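Just so you know, the protein sequences line up as chains A and B, in that order.
According to our numbering, the first sequence is numbered sequentially starting from 629.
According to our numbering, the second sequence is numbered sequentially starting from 95.
In case anyone wonders, no lab produced these hints; they're calculated from the structure.
Only a predicted model underlies this, so the values are computations on that prediction, with no experimental measurement involved.
Among these hints, one or two may not hold up.
The calculated lysine-lysine pairs, modelled on DSS-like cross-linking and capped at a C-alpha distance of 27 angstroms, are [stated by the list, open to error]:
no., chain 1, residue 1, chain 2, residue 2
1, B, K272, B, K245
2, A, K824, B, K107
3, A, K824, A, K630
4, A, K673, B, K312
5, B, K176, A, K674
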Amino acid sequence: MKKMATGNQAVAFAVKESDVEVIAAYPITPQTEVVETIASFVETKKMDASYIRVESEHSAMAACIGATASGARSFTATSSHGLLYMHEMIHWAAGARLPIVMANVNRAVGPAWNIWAEHTDSLSQRDTGWMQFYAATVQEVYDTVIMSYKLAEKVNLPAMVCLDGFILSHAIQPLEITPPGDFLPPINLPHALDTKNPMSYGNLTAANDYFKFRHGMHMAMQQANKEARTIENEFAQRFDRKYGPVMEYRTDDADTAIVGMGTMAREAEMAVDLLRKEGIKAGSIRIRQFRPFPKLNLENKKVIVFDRDYSFGAGGILAQEIRFHNDVPVYNVIAGLGGQDVSFNMIADLVRRAKAEGEFWLGVD
Amino acid sequence: MVDDIPEEEYLYKGNTSCAGCSAMLALRYILKAAGPNTIIVNPACCSTVCQGSYPRTAYGVPVLNIAFAAAAAAADGIASAKRNKGKNIIVFAGDGGTVDIGIQSLSGAIERNANILYVCYDNEAYSNTGMQKSGSTPLGAITTTTPTGRKDSKKDIDLIIMAHRPQYMASACAAYPKDLYGKVHKALGIEGTKFIHVLCPCPPGWRYATEKSVELGKLAVKTGMWFLYEYENGKITLNAPTKAALKRPAPLAEYLKPQGRFKGADIERMEKEVKESMGRISEMTERSERSREAAQ
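Bound-form chain A, shown alone (with noise of 0.2 angstroms):
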């Protein structure tokens, strides 16, 4: 079925059609219409579900816990205060291995108030050992929350599907509505509660099983960068539609990559468009998974990394990233932080001015 949907609203019809058991709900700007959608479903049954509508972030992500410990499908969806206020419950979840799905509309985190796009809300979430994904567009949002459901109950860890506040939340697009069919297979968690099996979860552990569980952890990441490959096959040959961990866009003869991720990666590719016409040989490399972080080709080209996000005292977070796993000398604009708008003409005005190394703050510096 093809319509017109925001952003939110495909993240509500993926939630839909991957057959989710219990769902968890507690609403904040821009991430509402996603809650809302799903408790429409579910109250005009069209969707067979539990609706919790929990008091904070923080339970929504217990009970997301407890659910998918019992081995349902779970859940839940938020964005920046609402994900920084159920962080603990985000180590937890992936500390039990429990392959729960979220949702998070990224925003920028007071203060001051601000309710538009930036990535610092995710990002701060990057070492709790969830999988992160990041659309950039309606499609992209549907499709990747139910390939994430295949993935995190492949490898036992959970995903979050991040989609740029009101830019993509509130975007309307064309949708293709795929269900997913046995590409999604019902959920088998092979550590579900069991009554007839009685065993403690979580429970005091030294450190040579503690260090073993967190080694697991370590191991199943390297597993998911391999399954969501396969995964992401299956996907393609099925519904026609492919995705990778990074997308590509006329980098084969490129000697400058503009790197990025959601919305402002998809506005750097008509950026490259531009510069090509006039003779630069541009090309954007927009990362998608940021966890596992993916292998990049940034070999013999100027890199320019465009981050909608900071760490204090340290610099862009997926400059630090592509620094880490690329010796390439990085150029670092910061941009579009607190829903600051970034067009194609500016990312082209910023990449022809770009230095081999160095940091820029757009419309400070």
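Given the structure of chain A, go ahead and fit chain B onto it with the hints provided.
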């Protein structure tokens, strides 16, 4: 019914509780009442340790350990999954995890009428971390963060729970295991949120000899420091030991003297507070009786 307490044990020998731990006595009877078709949700508390350490467990039912503030919500998550219909989902939480850090998720769960039994085993302090003051610590009690005795009064969690109008609520004490068994049994037959508040004397925390846990639990009830009652349909029913205590309470000093934590406490001020709380529960009970009569 109480004479039919099953022989089966779901709390095993080798649990790592302190000697004389009455929280484990309470849990033993809770699990006997609940039986094997049960899942325990356990926030950070003494019971986290009492299970024993991985890969062993002393609990004969599955346990989901969860972060401090999250127990009621996690339990609701389990109870909300259709696959768990018919299972007893029981939170076993300490007083800190209930009246302090866990009160928000508990409040939300009762408001939603989550189909769970929430048991607060109350040893009146953060005992697991070394006996720091909690919202449940009584006036006068010495804890490691109130080294000269608590100067203000504890939070009345029961009244807060009642304001949520749960399906069933009871106050119990580990020293009355048959009473506790009966209350858990009854609660698990009711759909929706049930809350049982169990006083559990704690030898290292309260500073008394380990063999005195049951004796002190009984003294708490006999002196009116603790009440045994049930709350259903908005009405309170006192249980026999509390009825007797309200008529003729034992001297409070009998309860306070054996406990090192009350050394130097202002007994007169404590007596006044106990008297006030006895007056409050009597009034509430009378109101309940009047409304029962009016309904007939």
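Results of checking the hints against the structure:
1. B/K272 x B/K245: violated (35 angstroms)
2. A/K824 x B/K107: holds (20 angstroms)
3. A/K824 x A/K630: Roughly 45 angstroms separates the two Cα atoms, so the pair is violated.
4. A/K673 x B/K312: violated (53 angstroms)
5. B/K176 x A/K674: holds (17 angstroms)
When held up to the earlier numbered hints, the structure conflicts with 1, 3 and 4 and fits the remainder.
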